[in-house]
Amino acid sequence: MEKIIILGDKQFAELAYYQFKSESNFDVVSFAVDEAYLDKTHFLGLPVVAYERLADIYDMQAVSIFIAIGISQCNQLRAKKVNQVKEDGYRIASFVSSKASVLGPLSIGENVMVMEGCLIHPGVSIGDNSIVWSGSRIAMHTEIGKHCWITSATIGERCKIGNNTFIGLNATINPNVCIAEFNVIDSGAVIGHDTLPEQVYRGYRSKLSKISVDQVFRRNLLR
1 MEKIIILGDK QFAELAYYQF KSESNFDVVS FAVDEAYLDK THFLGLPVVA
51 YERLADIYDM QAVSIFIAIG ISQCNQLRAK KVNQVKEDGY RIASFVSSKA
101 SVLGPLSIGE NVMVMEGCLI HPGVSIGDNS IVWSGSRIAM HTEIGKHCWI
151 TSATIGERCK IGNNTFIGLN ATINPNVCIA EFNVIDSGAV IGHDTLPEQV
201 YRGYRSKLSK ISVDQVFRRN LLR
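In the numbering used here, the protein residues as written are 1 to 223.
No lab work stands behind these hints, which were simulated from the structure alone. Every residue gets a Cβ at the ideal spot worked out from N, C-alpha and C, and that includes glycine. One or more of the hints may lead you astray.
List of simulated lysine to aspartate or glutamate pairs, DMTMM-like, C-alpha gap at most 25 angstroms [unchecked claim]:
(1) Lys99 to Asp56
(2) Lys10 to Asp27
(3) Lys40 to Glu52
(4) Lys81 to Glu157
(5) Lys99 to Asp59
Here are the simulated distance ranges between beta carbons [stated by the list, open to error]:
(6) Lys86 to Asp39: 40 to 50 angstroms
(7) Asp56 to Met140: 18 to 28 angstroms
(8) Glu23 to Lys207: 34 to 44 angstroms
(9) Ser22 to Leu196: 37 to 47 angstroms
(10) His42 to Glu116: 42 to 52 angstroms
(11) Asp194 to Met60: 35 to 45 angstroms
(12) Lys40 to Arg91: 19 to 29 angstroms
(13) His141 to Asp56: 38 to 48 angstroms
(14) Ser187 to Arg53: 32 to 42 angstroms
(15) Asp59 to Arg218: 16 to 26 angstroms
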């Protein structure tokens with residue numbers, strides 16, 4: 001059984017805990033946060049410890065870390081923490097639910113989570129630190145970049161999803177489309193053309209929005 005420490009103690013960390021708990025080959029032993037943000041001793045019945053003290057408490061050769069930080073700053077906050085964990089020499093876990101349908105070869109990086117109910121066609125690749133939520137459908141030979149967040153979306157074959165992109169609920173990316181880096185594809189959007197970097201696309205047959213990616217995250221428009 002693989003022992004896991006979840007880095008985080010908020011909503012995504014809670015979901016990650018139940019994802020791992022649902023699989024018999026994972027054992028979540030604790031949560032961890034940066035010492036400056038340590039404001040509780042337990043979460044979901046497990047200890048919450050300071051990240052800086054992990055090596056004093058655990059044999060870090062025997063456990064893996066999953067970084068469960070949400071979409072803040074277009075996934076950049078989670079990416080920074082992933083890089084820190086790598087630099088500290090700790091092993092990073094990835095997770096593909098046994099309840100996901102993976103029909104052929106799948107290439108994944110570190111700190112990837114593919115949740116239950118996903119349909120993944122052969123030849124898909126998912127870069128480091130990308131999260132694919134329940135019910136997403138990803139067609140053949142699509143490439144998902146690093147630090148992405150895909151929320152129950154449909155992505156056609158041979159698409160390319162740029163780094164740090166958020167794709168909302170029930171969005172559809174048509175086949176052979178390239179989504180640029182730092183995009184926000186809003187819920188229900190239909191994208192049938194390549195996109196530009198650092199842009200927000202909203203609505204059916206979506207057009208370029210006047211709202212910037214920075215405004216989306218500062219104003220919590222994804223809630």
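- request: For the range 35 to 45 angstroms, tell me whether the beta carbons of Asp194 and Met60 fit it or not.
  value: About 43 angstroms separates the Cβ atoms of Asp194 and Met60, which means 35 to 45 angstroms holds.
message: If I claimed the Cβ atoms of Glu23 and Lys207 lie 34 to 44 angstroms apart, would that claim hold in this structure?
response: Holds: the Cβ-Cβ distance is about 41 angstroms, inside 34 to 44 angstroms.
field: Pairwise beta carbon distance, His141 to Asp56, judged against the given window 38 to 48 angstroms
entry: Because 45 angstroms falls inside the window, the suggested range holds.
task: Below or equal to 25 angstroms on CA atoms is what counts here, so check Lys10 against Asp27.
output: holds (19 angstroms)
- prompt: Does Asp59 lie within 25 angstroms of Lys99 when you go C-alpha to C-alpha?
  reply: violated (31 angstroms)
query: In this structure, is the beta-carbon distance linking His42 and Glu116 contained in 42 to 52 angstroms?
result: At 26 angstroms between Cβs, range violated.
- request: Take a quick look at whether Lys40 and Glu52 sit within 25 angstroms of each other, Cα to Cα.
  value: holds (16 angstroms)
message: Within 18 to 28 angstroms: is that where the Cβ-Cβ distance between Asp56 and Met140 falls?
response: violated (47 angstroms)
task: Go ahead and decide if the range 16 to 26 angstroms is satisfied by the Cβ distance of Asp59 to Arg218.
output: violated (41 angstroms)
- request: Starting from Lys81, check that the Cα of Glu157 is at most 25 angstroms away, please.
  value: violated (31 angstroms)
query: Does the Cβ distance between Lys40 and Arg91 fall inside 19 to 29 angstroms?
result: holds (25 angstroms)
query: Taking only the CA atoms, is the gap from Lys99 to Asp56 under or equal to 25 angstroms?
result: violated (36 angstroms)
When each numbered hint is compared with the structure, violations occur for hints 1, 4, 5, 6, 7, 10 and 15.
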